[in-house]
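Residues per chain, in single letters:
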Amino acid sequence: DAGVTQSPTHLIKTRGQQVTLRCSPKSGHDTVSWYQQALGQGPQFIFQYYEEEERQRGNFPDRFSGHQFPNYSSELNVNALLLGDSALYLCASSFLASGGSSSTDTQYFGPGTRLTVL
Amino acid sequence: AQSVTQLDSHVSVSEGTPVLLRCNYSSSYSPSLFWYVQHPNKGLQLLLKYTSAATLVKGINGFEAEFKKSETSFHLTKPSAHMSDAAEYFCVVRPYTGTASKLTFGTGTRLQVTL
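As given, the protein sequences belong to chains Y and H, one line each in that order.
In terms of the numbering used here, the first sequence opens at residue 1 and continues consecutively.
In terms of the numbering used here, the second sequence opens at residue 1001 and continues consecutively.
Hints were generated in silico from the structure; no laboratory data involved.
Given the structure is predicted, the values throughout are model-derived calculations rather than measurements.
Since no wrong hints were added, every one of them can be taken at face value.
Listed below are the simulated DSSO-like cross-link pairs for lysine-lysine, each with C-alpha atoms no more than 30 Å apart in a straight line: (1) H/1049 <-> H/1069; (2) H/1102 <-> H/1049; (3) Y/13 <-> Y/26; (4) Y/13 <-> H/1042; (5) H/1102 <-> H/1069; (6) H/1058 <-> H/1068; (7) H/1102 <-> H/1068; (8) Y/13 <-> H/1102; (9) H/1049 <-> H/1068; (10) H/1049 <-> Y/26; (11) H/1102 <-> H/1058; (12) H/1042 <-> H/1058; (13) H/1069 <-> H/1058; (14) H/1102 <-> Y/26; (15) H/1058 <-> Y/26; (16) Y/26 <-> H/1042; (17) H/1102 <-> H/1042.
Now the in silico label distances, taken between C-beta atoms and shown as ranges: (18) H/1016 <-> Y/70: 48 to 54 Å; (19) Y/52 <-> H/1018: 46 to 52 Å; (20) H/1022 <-> Y/41: 15 to 21 Å; (21) Y/13 <-> H/1003: 29 to 35 Å; (22) Y/60 <-> H/1018: 37 to 43 Å; (23) H/1026 <-> Y/63: 28 to 34 Å.
Every residue gets a Cβ at the ideal spot worked out from N, C-alpha and C, and that includes glycine.
Using the sequences provided together with the hints, build the complete structure.
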């Protein structure tokens, strides 16, 4: 059973560019959450997608956007990259019970994409 | 609002001795609490979770944690450390009810295991 997969593993961009990161959830999961982990810090929640819609968002600017596809995979897009966007970007997948209740979902994380902005 | 505070940024133990990683939480509602481990250049792995069932939670690799509401704590323990336990450990909180399932992470505790 494949776990959560992310691509690419590493990425180098320059300031002002745009980047797209990809995530495939664990088999049977329907929800994808994205987190940013700066060096030496804990992950920070960016947003979560369920039923192809953004259902919750953390304290990140509109430069960060996402999408979820019918097969539950997801993309994270970051526009106008800043040096401070350099981080490990983690994707987590989970299964929400019918009706979207979060009381039983457990999030499983992928290995992450290391983004370096020069 | 919810948050977790990991009381030690770095813990060093000898192999074979007990491990204690401390975590206090703050939550307006009954929380779900988790411990995740992150080995170098790896993703996050779930160690254990508390979701309002038994207050003593057993996880993988011999780790366990006890939920103490009166102390708002959820400390992680292991009776005997192994070299392979060296990693970064994160205490995590999430609201137990409702549709919001955002995870809030602590700042992490780096566990060093020496011979």
